[in-house]
Amino acid sequence: QVRLMQSGAEVKKPGAAVKVSCKTSGYTFSSHSITWVRQAPGQGLEWMGWVSTVTGNTFYAHGLQDRVTMTIDPSTTTAYMELKNLVSDDTAVYYCARSTLLGLWFPDDFWGQGTLVTVSS
Amino acid sequence: DIQMTQSPSSLSASVGDRVTITCRASQGVGSSLAWYQHKPGEAPQRLIYGVSSLQSGVPSRFSGSGSGTEFTLTITSLQPEDFATYYCLQHYTYPLVFGGGTKVGIK
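So the sequence lines, in the order shown, correspond to chains S and E. Under the numbering used here, residues 1 to 121 are what the first sequence spells out, in order. Under the numbering used here, residues 1 to 107 are what the second sequence spells out, in order.
Simulated from the structure, these hints should not be mistaken for laboratory data. Among the hints, erroneous ones may be present.
Stated by the list, open to error - Taking CB as the label site, the calculated pair distances span: (1) E/T76 / S/T71: 15 to 25 Å; (2) E/G50 / S/Y27: 31 to 41 Å; (3) S/L102 / E/E70: 11 to 21 Å; (4) E/S63 / S/L102: 13 to 23 Å; (5) E/K39 / S/S75: 32 to 42 Å.
Stated by the list, open to error - Selected chain E positions facing chain S (in silico; Cβ < 7 Å): (6) L96; (7) G101; (8) K103; (9) G105.
Keep in mind that this is a model prediction, so the values were computed, not measured. A virtual CB, placed ideally from N, CA and C, is assigned to each residue, including glycine.
Chain S with its partners taken away, still in its complex shape (with noise of 0.2 Å):
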């Protein structure tokens, strides 16, 4: 069955980096790209960018361009999403989606547990 199981919960300091990891199986992982979504504490769904798992391509939102970075690793079927200069309203649960292509790639059924990332000094 389509699984995406994601990396455990992290606390990072103010100005520090995290790297949330996302392995995938269960299908064609170059059948379907990768976006990845946030929800800060009592705040709505966040669409944070996609990678394109045949290519690495890559697009993100306008105001997280200068500090994420998503890629994939083929060989383990694994897509990660790294976020630099972390901010206390960077606090919230990230989660990896599998991505349908119509018009654009946008998350379809499958999606990660979610991975809390607390920012805190």
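Use these hints to put chain E onto chain S, whose structure you have.
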């Protein structure tokens, strides 16, 4: 960037009620509109894509409609498991944008 405005931001309803949630886009998004359900502690679940196509496995009480800039998610007979927050998402142009969410609570 396209702005997505959902209304209402929250509502209270009873089991069996018909519930309608609206999503307005600041510019046309064609048919690139999806709806997601999100429950606390769980990953979001896609309900609808392409405005009105029902995701496999999603109950038929969920339906989507609309065009251009105004879209609707309807739950025809609310069930206990439907109490959650619902989000629309435009995937017509970058950046993709979620609506602010509609929390459906128990009356």
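Taking the hints in turn, this is what the structure says about them:
Checked against the hint of 15 to 25 Å, the C-beta distance between E/T76 and S/T71 comes to roughly 43 Å, which is inconsistent with it. Separated by about 21 Å at the C-beta atoms, E/G50 and S/Y27 break the suggested range of 31 to 41 Å. A C-beta distance of roughly 20 Å is found between S/L102 and E/E70, which places it inside the suggested range of 11 to 21 Å. Our hint of 13 to 23 Å for E/S63 and S/L102 holds, since their Cβ atoms are close to 18 Å apart.
Between E/K39 and S/S75, the C-beta spacing of about 34 Å keeps the proposed range 32 to 42 Å intact. With 7 Å as the threshold, the beta carbon of E/L96 comes within range of chain S, its nearest partner Cβ sitting at about 4 Å, so the hint holds. With a cut of 7 Å, the hint placing E/G101 at the interface with chain S holds, because the nearest CB-to-CB distance is about 4 Å. Given hint, E/K103 at the interface with chain S, is violated; its Cβ is 10 Å from that chain's nearest Cβ, farther than 7 Å.
Checking E/G105 against chain S by beta carbon gives a least distance of about 15 Å; that is not within 7 Å, so the hint is violated.
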